[in-house]
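In case you want the letters, here they are:
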Amino acid sequence: METLLAIVIGVLYAAGLYLMMRRSIVKLVLGLGLIGHAANLLIFVTGRVQRGSSAVIPPDQTVLVAPFPDPVPQALILTAIVIGFGTQAFALVLLKRAYQAVKTDDMDAMNTTDR
Amino acid sequence: MAQSEITQADSQSPLMAWAMRGGIGWVLSILPLSLTLYFASLLPTITSGTVLRVSYTWIPSLGVDFAFIVDGLSLTFVLLVLGIGTLVVLYAGGYMAGDRQIGRFYLYLFLFMGAMVGLVLADNLITLFVFWELTSISSYLLIGYKHAYYSSRSSALQALLITGAGGLALLAGLVLLGIAAETQTISELGSRHELIVNSGLYAPILILVLIGAFTKSAQFPFQFWLPGAMAAPTPVSAYLHSATMVKAGVFLLARLNPALGDTPAWQITLTVFGAITMALGAYLAVSQTDLKRILAFTTVSSLGTLVMLIGIGGEHGIVAMMVFLIVHSLYKGCLFMVAGNIDHETGSRDVSILSGLRREMPITFGAAALAALSMAGLPPLLGFVGKELIYESTLDARFAAAAVTTVAVASNILMIVAAGMVAVRPFLPTGTTRHSTPRHPHEPPISMWLGPAVLATLSAVFGLFVVQVMQPIVTQGAAAILGEAVEVKLKLLPTSITGYFLLSVLTIALGIVSYLYARPALMQAGKATRGALEDGFVNGFTDLVNNTQAFARWITRALQSGYLRRYVLITIGAVVSVASAALLTRADLSAIRLFDTPLFLWETATILVILAGVALVLRARSRLTAIAGLGTVGFGITLIFFFFGAPDLVMTQFSVETLSVLLFILILYRLPIFTTISHRYSRLRDGIVAGLAGLLMTMITLLTIAGEELKPLTPFYAEASYVEARGRNVVNVILVDFRGIDTMGEITVLGIASLGIYLLLTLRLAPADGQAEAEDSTGKEQL
Amino acid sequence: MKRRPASVIFATGARYILPLMLLFAFFILLRGHNEPGGGFIGGLVVACGFALFALAYSVADARQILRVDPIQLIGWGLLLALLSGLLSLLLGLPFMTGLWPDFAIPAIGKVGTPTIFDVAVFLVVIGVVLNVVFSLAES
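Just so you know, the protein sequences line up as chains A, P and Y, in that order. Counting from 1, position 75 in the first sequence corresponds to residue 74 in our numbering; the numbering is continuous, with no gaps. Counting from 1, position 779 in the second sequence corresponds to residue 798 in our numbering; the numbering is continuous, with no gaps. Counting from 1, position 133 in the third sequence corresponds to residue 171 in our numbering; the numbering is continuous, with no gaps.
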């Protein structure tokens, strides 16, 4: 199972990076989205996956009873998801404004200030 | 435009007008004057052999203290820095009168003064270095003060690059010294001399420290920056390039003499480089026609003398160095100000057209004459005492005494010639017809002649009362440099006819003869060799800088194409190659277990859905299809979280995914459909690089899973979550309690991102299309 | 500024779903300390509800129902988060030490400073998301 998830992570990274190397700024943002998913999944899987149960202490206990899924990567991912949403929204709005300013989504037409 | 109006209005106010006429110099000189008086009040304490120390803890973990020491050496330097500083502040008020930026000038000047005082008082290697760098930076600002001139900027940059590079070497040297001596306190280094010399780090320490000192004090082969720095306003030259900054290197060598000195390497290096600098400076000085350049090269020569004397060492060498240090500061500060007066009053610094100024500028002439006599080493001025001591020590040198003495005599003869060129020639009438100068000369205001007059008088007073005034402080200074108490007996005139007295007489006689008869020949020789000895160094340095910049440009052009995808390609390519190399050589790939846990139908189906979503994004022709694909991936991952016990993540990812799709649709709806604009070849290349990166990530994931489980934090959270934080949902407890500050930072970032989005959307962009042209001018002003 | 809803069914649905979603969000927020949920998730659910409403009617309508400017919500949320952490300083404890009173509020349970902090997160998330969605839809 982990092997399959590892392959999914690799595919997500590869697709995300490939899209980042396109000339269209829209594809760049899509690529960033895929890489965000890949990173979250990477943290999740390398923290070891555990079927069923959850990191919640049962009412009749005071500590987590093994086996339980690791709460640390979950906390990390939760904030990463929300932050990822924030940055993605920012990137999208930037994209929109850039498109309004230069009337193109071709990044080769946007880099005149860079050279 | 508005700003200049304000300046104009200000300058019309009586106070500002008074300040710009030079009055500000009188007020501001109170500060350095009172500090001078304070330090002068310490003289009785210090000359009685006491050493004052004060120390504040700064970076205890690195052994760095903000530590200062007042002993004979630092007190001598502080008094020179502040005393001459007082006169320079006053002088600058007159010299810079009318300058609108005078406030900025004084800011730099006081910054430099403070840095210099800190440098000479420092008792910790790092404290010393910090002030050392501050002097480099503030002198850059001062040399480049007339920033509208290219020559001014370029010589400031040259000085900064050389002293800055030297500063880096010095930092490395001082850190190594601290390691070798096991202390950063300078006053403790002397007692660890053996430890340092035998530590194996001695050679690198010596080389690095000497690079620092030689660059700062303009020693061969770095001597060329000092004449270049003459682009500075004359008050700056009088201060930085006579008495203070260029002496910082000499100070450093003197300060570290107890720690690093007394070895053949130290003695030979300092003596040889000092002697070369001394001779080269004197030789080049007499072929100049610009007053300030003559003075600059004689300064180079004098700095060489000082370094040589430290190299010769011993009681004789060090006492001679201490006396000559004071001699030189007094007469050189005076002569620079004299040069400034001549320049200021006549509009020219060219000695070949200046003559007969004696009548118009009598006080300036008097000061110049006294200073020049001290420079030439005639009794009863202090310069004579200095010259006697120099010969005494060169005759006494532990190696090559004859050669060193010969070089010293030759240099001193040339110095007499230079003294005549600076202080005699412009003032006395020459046989030829008098050239007209750009301005009709007259005596400058009191603020400009007081400084030279005071310094010249001191040269005479210190000479006449050498036993009473000089002996006590020189004794303590020499003791600090040698690291042991010494008994010094100074005298103005020798009591018997000694070898060095005869040398002095010979020097003076030959000097006067050379001034009268050999000047054209010296000028000729200097001009003939100028290409190699003067311009050669400058050009070599310029080439070095240009080649470095060309190399940097080449690298930049190769890497920074301005195309984002190229940056991504280079970065990913580099990461993949380095990481793959590490993976293939270091990692144990056999540990990977491919078929560990069984496959469940629903999980496998979800993974297939995710892969299909990725394919949809990659192959999409329309934006909506791509968004749908991205959403599929996101909801698929939500399911993965669901299968593996992360209900919080399921809910978060689900809502975020919904909102993301909404946002994408809101924004991307109006954009054009995708077109294939890249070449088939580049798509293939990008695909290979991206594919390799993906493969790498898969391998890393598999290796991590196969490795040992390292979860140092998890057991703590599992146990403390309810008992200590009263929460059963461990994920939530981590977020709002254990790692609450992280979360607070995160929501702050979210808030900022949201505000940024709001501003981006409400900001009115300057129109970029055709209609912009009409509004162009107004649009630019708003920006 | 009122415009006709996109679809009558959608609009009617949105009108009834919004209060339900808000209720659900508060439930998720408050139980978050002991069961899956919390401020992040609750905030996202509220934001989803209002975004849905804005789609069905108009942004102006949604803003009117929300009553508060989303940007102000961000500010209040951040302030509340800071205050919840500062409370422990008054007792001489380190910043953000969790404090729990001994009594419980009926129907809600014990409210400690981490709960207040979670509410702050809730407010910030609502503000951030709605600010983005509203200003985008308006431009």
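Hints are computed from structural coordinates only; laboratory data are not their basis. Quick caveat, the model's predicted, so the values are computed rather than measured. The beta carbon of each residue, even a glycine, is placed where N, CA and C say it ideally should be. A portion of the hints provided could be inaccurate.
So the derived label-pair ranges between C-beta atoms look like this [what the hints assert, rightly or not]: (1) A:P66 x P:L608: 49 to 55 Å; (2) Y:Q110 x P:V564: 54 to 60 Å; (3) P:E728 x Y:L124: 48 to 54 Å; (4) A:G51 x P:E728: 43 to 49 Å; (5) Y:Q110 x P:Y168: 51 to 57 Å; (6) P:A577 x Y:S126: 53 to 59 Å; (7) Y:T135 x A:P66: 30 to 36 Å; (8) P:A577 x Y:F62: 54 to 60 Å; (9) P:V597 x A:G51: 20 to 26 Å; (10) P:G183 x Y:L124: 56 to 62 Å; (11) P:L608 x A:D107: 39 to 45 Å; (12) P:L620 x Y:S177: 42 to 48 Å; (13) Y:S177 x A:I82: 31 to 37 Å.
| request: Please test the hint of 31 to 37 Å on the beta carbon pair from S177 (chain Y) and I82 (chain A). | output: Hint violated: Cβ distance 24 Å, outside 31 to 37 Å.
| request: With respect to the beta-carbon atoms only, verify the hint that T135 (chain Y) and P66 (chain A) lie 30 to 36 Å apart. | output: Cβ of T135 (chain Y) to Cβ of P66 (chain A): about 32 Å, so the range 30 to 36 Å holds.
| said: Looking only at beta-carbon atoms, does the pair V597 (chain P), G51 (chain A) fall within the given range of 20 to 26 Å? | reply: This hint is violated: roughly 40 Å between Cβ atoms.
| Does the Cβ-Cβ separation between G183 (chain P) and L124 (chain Y) fall within 56 to 62 Å? | violated, 46 Å
| In this structure, is the beta-carbon distance linking L608 (chain P) and D107 (chain A) contained in 39 to 45 Å? | holds, 40 Å
| message | Tell me if the beta carbons of G51 (chain A) and E728 (chain P) are separated by a distance inside 43 to 49 Å. | response | violated, 19 Å
| query | Does 51 to 57 Å hold as the CB distance between Q110 (chain Y) and Y168 (chain P), or does it fail? | reply | Taking Cβ atoms as reference, Q110 (chain Y) and Y168 (chain P) lie about 55 Å apart, which means the hint holds.
| said: The hint says 42 to 48 Å between L620 (chain P) and S177 (chain Y); measuring C-beta to C-beta, is that right? | reply: holds, 46 Å
| query | When you take the CB atoms of E728 (chain P) and L124 (chain Y), is the distance between them in 48 to 54 Å? | reply | violated, 38 Å
| message | A range of 49 to 55 Å was offered for this pair. Does it hold for the Cβ distance of P66 (chain A) and L608 (chain P)? | response | violated, 28 Å
| request: Just tell me: holds or violated, for the beta carbon distance of Q110 (chain Y) and V564 (chain P) against 54 to 60 Å? | output: holds, 56 Å
| message | Taking the Cβ atom of A577 (chain P) and the Cβ atom of F62 (chain Y), is their distance within the range 54 to 60 Å? | response | Holds: the Cβ-Cβ distance is about 57 Å, inside 54 to 60 Å.
When held up to the earlier numbered hints, the structure conflicts with 1, 3, 4, 9, 10, 13 and fits the remainder.
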